[in-house]
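Number of protein chains: 2
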Amino acid sequence: MAATPARVNELRALREQLQTRYAALKAAGLTLNMARGKPAANQLDLSKELLSLPGASDYTASNKEDCRNYGNLQGIPEARELFAPVLGVSADNVVIGDNSSLALMHDCIAFALLKGTADGAAWQPSATTFLCPVPGYDRHFAICEEFGIKLIPVTLNDDGPDMDQVEQLVANDPSIKGMWCVPKYSNPTGAIYSDAVIERLARMKTAAGDFRLFWDNAYAIHHLNGEAATIANIVELCAKHGNPNRAYVFASTSKVTLAGAGVAMFGSSPANVKWLLARMNQRTIGSDKVNQLRHVRFLRDQDGLKALMKQHAAILKPKFDKVVEVFQKELGEWGVATWTQPTGGYFISLDVPDGLARRVVQLAKEAGIVLTPAGATFPLGQDPRDRNIRIAPSFPGLEEITKAAEGVSLCVLLAVAEK
Amino acid sequence: MAATPARVNELRALREQLQTRYAALKAAGLTLNMARGKPAANQLDLSKELLSLPGASDYTASNKEDCRNYGNLQGIPEARELFAPVLGVSADNVVIGDNSSLALMHDCIAFALLKGTADGAAWQPSATTFLCPVPGYDRHFAICEEFGIKLIPVTLNDDGPDMDQVEQLVANDPSIKGMWCVPKYSNPTGAIYSDAVIERLARMKTAAGDFRLFWDNAYAIHHLNGEAATIANIVELCAKHGNPNRAYVFASTSKVTLAGAGVAMFGSSPANVKWLLARMNQRTIGSDKVNQLRHVRFLRDQDGLKALMKQHAAILKPKFDKVVEVFQKELGEWGVATWTQPTGGYFISLDVPDGLARRVVQLAKEAGIVLTPAGATFPLGQDPRDRNIRIAPSFPGLEEITKAAEGVSLCVLLAVAEK
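Quick mapping for you: the protein sequence lines, in order, are chains A and B. Take the position in the first sequence, starting the count at 1, then add 4; the result is the number in the working numbering. Take the position in the second sequence, starting the count at 1, then add 4; the result is the number in the working numbering.
Just so you know, these hints were derived from the structure itself, not from any lab. The reader is advised that the hints may include incorrect statements.
Copies of the same chain are indistinguishable here, so a pair counts whether it falls within one copy or spans any two.
Unchecked claim - Quick list of in silico lysine-lysine cross-link-like pairs, BS3-like style, CA-CA up to 30 Å:
id, residue 1, residue 2
1, 244, 119
2, 423, 407
3, 30, 68
4, 314, 244
5, 119, 278
6, 154, 278
7, 321, 154
8, 326, 369
9, 326, 68
10, 423, 52
11, 407, 244
12, 154, 119
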């Protein structure tokens, strides 16, 4: 949204009126939650068939393997084939995990710290740094914080991270071993990395020979507008530029089928796949192959995936539209906030005047509207300008979303007026 | 089996005859596998209902949670209640994981190396040692080998590890941070830890204040003879002796329901549960709750578990009996081998004369009978006496088991005669 001249003084004059409206909001006793990117129950209903699949006599994979028994660390062939296009690699270079792609990311970092990567020795936590485009995803940051890995924020623009910043940092600091990227419909801004940015990420010179892009393509097929955004293929570009092992690609069906009972996946170069399997081999005999089969039976093929994602979009888009509509109506004329209008993904990013994000979230909470904590989109939960708020419109119903967006808008105006 | 005087010279005299029989065995072109403790297909069939559970409209846990969605790192209450008695802790102190208890063990070690335990700082791999009763389970050893953790073998007797050895080692060496234990129907000997041994493990003084028993109760309910062996409660005894956080207890339904698609579980003290959840919280939003619900719906309660395990025993016991019967018939009179007769679990442990285990496994392999590699039951795959062979009778059918046991017996006799 383009910035409008801020009318702060006028808002201050309306302070009492805003306080009266806020008192009424509190009195309404709302209990709304827009804190996390959880699918709504009717989205989960789209996959209800999964709950009785694969059926009592259907347990044999295409390679004749009994999915009920032990074995096959990499995942059954038909599951790897189904998800290979989502990752942009061949089925040979896919590993299917259990339900959480975050777990695969965590384990890739834990393994690098304990054992090193395919290109180098164990990372020393005290000499390991990750770049994180901000605003970004708090659970990415939390993994690094858990292990004492330093995080350097870089600016996330509408076309991806500020590559001038990134190139300069990675070229000169050998402690920079990794970078978090949500390349499509970024959490929370909805930014889509441009081909030029992706090419620069693949090509850039890094002081660390074992630098890794943690390419969390969580929203690879999560379009809101019917039209799929396509992004450049990071694994192919890394190979083209002589950095074949640079990108670890992650995805999952958490926001495709069942958020808590889907399958996660990893795609990368042959050397990285070999490395991951060698590490996983000490950890488990294999992931849940019945759940892999269940997903293949339900999703069938790329057309099946696309059809399901259209149904999700039909549920989600009105919610996103409603938030944007309410923000425009309630906040647009005041020029005190900007927000994103993503074409996919799960979040809207709201920027309020510097120093007010915590206050807005606090006001909303007191009125029964739970938002993601202010600061969560920055490392250590500290937004240096205290201005960014992540809005997660997926879980509540449309009527609740309307109330919540109106409530948040009022909280923004009141916070400005109070100041 | 009691030892019989060895009749090695007589066997040598029969060498040519044994070679002729072995040539015939090879000519038969067998392809039998007794290498791993995999359930047979008809055991997996016992849980076929799982493949269409929980059903399209059944996804709500007892706490009203939608099992399809994100959340609940610890596991749904009814799953924790169902498995609490298996672990010997209250449901509050159970964590349900995904399908692999090995993964929970691996992660407990990885977390200790990266973050420390509830009782101390991060373990340094170069200054971390585990005790391992031998013969033992190769995948336990492999986790330690992966991370550069030193393994010290201790003797496993019929009533558990040699506690004089264990007590002396842990009292004097602060690098000893852990010990692998399969307390019931041990892999591979079938040994059951006596109450006296368990009490000493709970009570013993350890130089390391953050020493942990990795209590892999993999065969907690896996009785072969109808009668459940009961062992002392390690978590309670550790608490009684002032070492409340000493034991991590692990189990899974891998050999109860579906080997590749079951649920794994962890039980311990409140402090250890809190510690594990704090670590897991960076890794995942939660394990697969639909699979937890599926298991609760299928297994129902303790009686349901017991009834299912009886059906497993009905399939497994004839296989174990057959191996022992063939060994007795073919090997008994020669006094060159001893074997265990377990009352539960998944393995029979066969000891041949020193220096011959590798040769026996090699001969068997050439005749189409795949056994667990000789040495696998010792750290680094090196059996110092080269005498122990793990026999896994669960997977092949009864007719194949008979042929395999006869083949292995012939290989033992030939190996002795060759020497």
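Handout entry: Identical-chain pair category, residue 244 with residue 119, by Cα at 30 Å
Key = within (27 Å within a copy, 38 Å between copies)
Exercise for the section: With 30 Å as the alpha-carbon cut-off, assign the pair residue 154 and residue 119 to within, between, both or neither. Expected result: Result: close both inside a copy and across copies, 19 Å intra and 16 Å inter.
Handout entry: Copy assignment of residue 30 with residue 68, given that the CA separation must stay at most 30 Å
Key = Result: close only across copies, 27 Å inter versus 60 Å intra.
Problem - Alpha-carbon proximity context of residue 154 and residue 278, limit 30 Å - result: The answer is both: 28 Å in one copy and 25 Å across copies each meet 30 Å.
Exercise for the section: Pop the pair residue 423 and residue 52 into one bin, within, between, both or neither, using alpha-carbon distances up to 30 Å. Expected result: Close neither inside one copy (49 Å) nor across copies (64 Å); limit 30 Å.
Handout entry: Homomeric proximity label, residue 423 with residue 407: Cα distance no greater than 30 Å
Key = within (24 Å within a copy, 86 Å between copies)
Practice task
Go through the copies and call it for residue 314 and residue 244: within, between, both or neither, with a Cα cutoff of 30 Å.
Solution key: neither (34 Å within a copy, 59 Å between copies)
Handout entry: residue 326 and residue 369: within-copy, between-copy, both or neither at 30 Å Cα
Key = within (20 Å within a copy, 68 Å between copies)
Exercise for the section: At 30 Å max between alpha carbons, let me know whether residue 407 reaches residue 244 within a copy, between copies, both or neither. Expected result: Close neither inside one copy (50 Å) nor across copies (55 Å); limit 30 Å.
Practice task
Using 30 Å as the alpha carbon limit, work out where residue 321 and residue 154 are close: within a copy, between copies, both or neither.
Solution key: So residue 321 and residue 154 fail the 30 Å test inside a copy (37 Å) and across (56 Å) alike.
Problem - Alpha-carbon proximity context of residue 326 and residue 68, limit 30 Å - result: between (49 Å within a copy, 29 Å between copies)
Exercise for the section: First find the shortest C-alpha distance between residue 119 and residue 278 inside one copy, then the shortest across copies, and answer within, between, both or neither for a cut-off of 30 Å. Expected result: The answer is both: 14 Å in one copy and 27 Å across copies each meet 30 Å.
Comparing the model with each earlier hint shows violations of hints 4, 7, 10, 11; every other hint is respected.
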